[in-house]
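S.K.: On the provided structure of chain A, position chain B as indicated by the hints.
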Amino acid sequence: MNLKISALQFVEDVKTGNISVEDFIGKTMEHIDKVEPKLHAFLEINRNSLDDARTIDKKIKSGEKVGSCFGMPISIKDNICIKNSKTTCASKMLENFVAPYDATVIKKLKEQDAIFVGKVNLDEFAMGLSTEFSAYGPSKNPWNTEHVPGGSSGGSAVSVSAFECIASLGSDTGGSVRNPASFCSVVGYKPTYGLISRYGLISYANSIEQIGPLTRTVKDTAFLLNIISGIDSNDNTTIDNKNEDYLSQIDEGIEGKKIGIIKEMMGEGIDKSVLSATNEAISKLESLGAKCEEVSLDMVKYSVAAYYTITATEAGSNLARYDNLRYGYEFPVEGFEFNSYITKSRKNLGPEVTRRMIIGGFVPSAGHAGKYFLKALKVKSKLTKQINDAFTKFDLLMSPTVPILPFKLGEKINDPVALFLVDVNTVTANLTGKPAISIPFSISNGLPIGIQLMANSMQDKALLQAAHALESTVKLPEVQI
Amino acid sequence: MVSKEEIEHVSKLMKIEIDDPIEYVEKVQKMIDFFDVLDSAGVESEEISMPEIEIEALRKDEHLPFSDKLIEKLNHYKGTYVRAPKMSS
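Protein chains in written order, with this note's numbering: chain A, 130 to 610; chain B, 1386 to 1474.
One thing to keep in mind: the hints can contain errors.
[What the hints assert, rightly or not] The calculated label-pair distances, taken between Cβ atoms and stated as ranges, are:
no., chain 1, residue 1, chain 2, residue 2, range
1, A, Met130, B, Ala1442, 21 to 27 angstroms
2, B, Met1435, A, Lys144, 46 to 52 angstroms
3, A, Gly464, B, Lys1445, 44 to 50 angstroms
4, B, Leu1455, A, Asn468, 20 to 26 angstroms
5, A, Gly398, B, Met1472, 50 to 56 angstroms
6, A, Lys514, B, Met1386, 31 to 37 angstroms
7, A, Met130, B, Gln1414, 43 to 49 angstroms
[To be verified] The following residues of chain B were derived to be distant from chain A, with all beta-carbon distances above 10 angstroms:
no., residue
8, Met1386
9, Lys1389
10, Glu1402
11, Ile1407
12, Pro1436
13, His1448
14, Gly1464
15, Thr1465
[Unchecked claim] Dumping the calculated BS3-like pairs for lysine-lysine here, alpha-carbon to alpha-carbon at most 30 angstroms:
no., chain 1, residue 1, chain 2, residue 2
16, B, Lys1471, A, Lys221
17, A, Lys221, B, Lys1400
18, B, Lys1415, A, Lys215
19, B, Lys1397, A, Lys473
20, A, Lys476, B, Lys1458
21, A, Lys401, B, Lys1389
22, B, Lys1397, A, Lys500
23, B, Lys1397, A, Lys392
24, A, Lys541, B, Lys1415
25, A, Lys473, B, Lys1445
26, B, Lys1458, A, Lys239
27, A, Lys167, A, Lys604
28, B, Lys1445, A, Lys500
29, B, Lys1454, A, Lys215
30, B, Lys1397, A, Lys236
31, A, Lys413, A, Lys401
32, A, Lys476, B, Lys1445
33, A, Lys212, B, Lys1463
34, A, Lys473, B, Lys1463
35, A, Lys212, B, Lys1412
36, B, Lys1471, A, Lys473
37, B, Lys1412, A, Lys476
38, A, Lys537, B, Lys1458
39, B, Lys1400, A, Lys215
40, A, Lys473, B, Lys1412
Hints were generated in silico from the structure; no laboratory data involved.
Just so you know, even glycine gets a beta-carbon here, dropped at the ideal spot from N, CA and C.
So here's chain A without its partners, still in its complex pose (with noise of 0.2 angstroms):
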């Protein structure tokens, strides 16, 4: 049984009867078994999966109709909900939290007969981006297992990675979905703001944030957003996308397209492994018949800071409901002044959500509002006008996905603000609301190096037709795990 197929390959040998659903979660449970002592993806495995597999199988064979993911193994990152399942957010606060109700998300794939195998691991209430701050212990790079596999989607793109199943959901605040595609070598998705509904995702800066899917393809990705994508009652900001088809015409190659090329995501501090990978990608996309050309974005420079101070503030706020009351954890109420017991019980937030919330407190105060808080909104104004001009002359926009390669377990932990910089070009298409994509592209030392492609708001079929062009000029390794 071969593990390591694609979500359209596995769609295909299911519908002909080539592997049963059956077998095929048998053996990834066995291969889940195996590898997790060592990567830690996941923070729980749904036993449940082989009886969900027989029905489905039950269901082909009794000639019923089936849905269109034909009990293709996903896991679901931990912020996710699921009703009747725990959703921890990797945080000791919800560590005994069960949702009461699907995502909107979940609901869809549940209905296109979709196996979630596990809920996966991530920096707690996805603050983070190498999975170093889930109270759960962090997951490991199946590419390196000293290494960290970047997030704060790390659980999802590890376990895609580890062929432990054929694809994932995340979230992306501000490269979470894109950061660790590109540490692991898959494919990471950030829509434009509103294709996804975030009922159900437990908010962090909702403004900028979304739901996301992990692939090994870029056609898988696209299968995918077929499925999850589209206006939702439940989550005012969606868009309506007219049920579009972004797996129909993917092969339509980026032949005369312009591309920008950030200067700013090119800069200082840039490994040389990537500087040169992202140099070689520059190529491949001429060769294909695009036009590459360097352009300037000045307040990327500020998007950082600008992304951070807003997060945070809206952190603040959406983190100020776990009072333990409602839900939570085992913590009883007796002797406790009400106040007192809402402080107390919020001692199980982890260092880094408590200083995000300090943060998140201090930044939009009385006296300090218009130094940050006002300053970033205004930041992400200009970013976005300075973005859509970029897209007057360019069809699409291109970086290394992150600066650097995967570092070292523990290496960064202790600077935020050098964490702070791994961020630099990522945060920009959450700022300002475009669709973007990593591409796995080079391994350099045994480490994956990812490309960025961003597109203009509601281009993501474009994008994907793009990304997709890219990824058929590059053939990877395969991770030894």
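M.R.: Frame of chain A; chain B shown alone:
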């Protein structure tokens, strides 16, 4: 400069208990210093744009009953009461 008193004040506002405010002074100061780069962005005259949604585009203001008894899933649920800490000491 971020002071110990400021950290204590903000943590009180955010209902967070911290053991050692001094530890946070240094870390928060480092982060805030980094945010100072915003001063050189030259955006003072920039307008803040906010997304707008037409009222008609909002979902209908109607009661949609939840299928499960959510109240039974609450922590500290006893009989017909939800137990909360007393409001003043």
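S.K.: Measure nothing beyond the straight line between the CA atoms of Lys1400/B and Lys215/A; if it is 30 angstroms or shorter, mark the hint as holding.
M.R.: Since the Cα atoms of Lys1400/B and Lys215/A sit roughly 26 angstroms apart, the hinted pair holds (cutoff 30 angstroms).
S.K.: Falls inside 43 to 49 angstroms, the C-beta gap from Met130/A to Gln1414/B?
M.R.: violated (55 angstroms)
S.K.: Between Lys1415/B and Lys215/A, does the CA-CA distance stay at or below 30 angstroms?
M.R.: The hint is violated at about 36 angstroms.
S.K.: Is Lys473/A close enough to Lys1463/B, meaning Cα to Cα at most 30 angstroms?
M.R.: holds (22 angstroms)
S.K.: Should the hint that Gly464/A and Lys1445/B are 44 to 50 angstroms apart at their CB atoms be regarded as holding?
M.R.: holds (45 angstroms)
S.K.: Would you mind confirming whether the straight-line C-alpha gap from Lys1471/B to Lys473/A stays at or under 30 angstroms?
M.R.: Status holds; Cα separation ~14 angstroms.
S.K.: Verify the proposed pairing of Lys1471/B with Lys221/A, using a straight-line Cα cut of 30 angstroms.
M.R.: The given pair, whose Cα atoms are some 24 angstroms apart, holds under the 30 angstroms limit.
S.K.: Just to be careful, I want the Cα atoms of Lys1397/B and Lys392/A compared with a cutoff of 30 angstroms; is the pair within it?
M.R.: With a Cα-Cα distance of about 43 angstroms, the restraint between Lys1397/B and Lys392/A is violated, given a limit of 30 angstroms.
S.K.: Between Lys413/A and Lys401/A, does the CA-CA distance stay at or below 30 angstroms?
M.R.: holds (18 angstroms)
S.K.: Is the Cα-Cα distance between Lys401/A and Lys1389/B 30 angstroms or less?
M.R.: violated (41 angstroms)
S.K.: Given the proposed pairing of Lys1397/B with Lys473/A, does the C-alpha separation stay at or below 30 angstroms?
M.R.: holds (12 angstroms)
S.K.: In this structure, is the beta-carbon distance linking Gly398/A and Met1472/B contained in 50 to 56 angstroms?
M.R.: Hint holds: Cβ distance 52 angstroms, inside 50 to 56 angstroms.
Taken one by one, the earlier hints fail for this structure at numbers 1, 7, 10, 12, 18, 21, 23, 25, 28, 30, 32, 35, 38, listed in ascending order.
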